[in-house]
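> Next come the chains, spelled out residue by residue.
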Amino acid sequence: MDGPDSAADRAPAEEVGIIACWSCKGPVKQVNPLCETCGAVQPPGQMDHYQRLGLAVSFDINVADLDQLYFDLQRHLHPDRFATRSPRERAISQLQATAINDAYETLKEPLTRADYLVHLRGMGVFPEGCNLINDQALLMETMELREALAEAETTDQVDVLSVRAQDDIKVCIEQLSKLFSENDIEGACKLTTRLKYLQKLAEETRIHRMKLI
Amino acid sequence: MAYSDKLLDHYENPRNVGILDKDDTGVGTGLVGAPACGDVMKLQIQVDEDGIIEDAKFKTFGCGSAIASSSLVTEWVKGKTLDEAAEIKNTDIAQELALPPVKIHCSVLAEDAIKAAITDYRSKKESKSEAAE
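Read top to bottom, the protein sequences are chains A and B.
Numbering (this note's numbering) for the first sequence: 149 to 361.
Numbering (this note's numbering) for the second sequence: 1295 to 1427.
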């Protein structure tokens, strides 16, 4: 029986094709950054961030698994490993490293992950992503909270707003998980926008607090 | 990145910061936001009996370009008719303030805000005249 080859089970790769290695012409699964036959690094190719890291597409990811998959891949693609290789292979390894970093950075944080997942699942439906807003309730709430923050004169007052923002962020992420699992992309898009505003508010409370100390 | 003197002036000395009574039937309120940067902008107009904008106020939480764009728009709309104010284009704002390309969306936000304020005023006036009939 084959054991799992890393911390998390790799996502099924059926939908990803087999390509010919540019170096030895042998077959390589597109998800593999290195040729199984000759070990040459392969160009990043077209795939989504989840496929690239070997994760199943979901909003709920285990960050420890994500870290493990990312570090495993980066270890194989470290520039030092290609120092003696041809310029072409060095250049390809750079592209791979960049693509993997990109995927990791996007999936690591709930906000960028939610934004990406809406884009991935709702492509064509939300061409602007979650960057348009007509949610007056959210805007009013944001305006009130930002006004309250602007008027806060003590760290205690700021902390009340900060704690509220953190609590709201937590609830928002839980709700996002539910909506994504129900495949309610429209609802998830709306909540992703809310999460953006909440994170901005949390960031502003940090900045405001520093000014008061 | 160098910002224009006009932009810096509006940012450092914003005109017409404040609020108008949103429940006043002569007041139109536009509330808009740019989620990408977490900005929120409120722009209000006070319209007289002849349909001329006699006062405008704004409150913006966002970057300097968003503040300057909304400040500029409040200056521009005063004394204009609603139709004239509705013709303000984001490109006019961006040009006047010499906004860098990455900040063009701030001028779009200001255009959206004035349009939303005009729409709000008109819908309030309509429901008022309907109620009077």
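Bear in mind the hints are in silico, worked out from the structure with no lab data behind them.
Some hints could be false.
Heads up, simulated SDA-like pairs for lysine to any residue below, C-alpha to C-alpha not over 20 Å straight-line [claimed, not checked]: (1) Lys1316/B <-> Met288/A; (2) Lys359/A <-> Met288/A; (3) Lys1351/B <-> Met288/A; (4) Lys1316/B <-> Lys359/A; (5) Lys1300/B <-> Glu1348/B; (6) Lys348/A <-> Ala1330/B; (7) Lys1316/B <-> Lys348/A; (8) Lys1418/B <-> Ile166/A; (9) Lys1418/B <-> Lys348/A; (10) Lys1419/B <-> Glu289/A; (11) Lys1409/B <-> Ala285/A; (12) Lys1351/B <-> Leu287/A; (13) Lys1316/B <-> Glu289/A; (14) Lys1351/B <-> Glu295/A.
Here are some chain B residues the structure puts well away from chain A; computed CB gaps all over 12 Å [said to hold, decoys possible]: (15) Arg1309; (16) Leu1325; (17) Asp1333; (18) Asp1349; (19) Thr1354; (20) Asp1377; (21) Thr1385; (22) Glu1390; (23) Ala1392; (24) Asp1406; (25) Ala1410; (26) Ala1426.
Ranges between beta-carbon positions, derived for each pair [stated by the list, open to error]: (27) Pro1395/B <-> Lys173/A: 41 to 51 Å; (28) Asn331/A <-> Lys1316/B: 21 to 31 Å; (29) Lys1316/B <-> Gln314/A: 24 to 34 Å; (30) Ala1380/B <-> Ser206/A: 37 to 47 Å.
Glycine is no exception: its CB is placed at the ideal position from the N, C-alpha and C atoms.
> Any of the earlier hints contradicted here, and which numbers?
When the structure is compared with the hints, numbers 2, 4, 5, 7, 8, 9, 10, 16, 17, 19, 24, 25 and 28 turn out to be violated.
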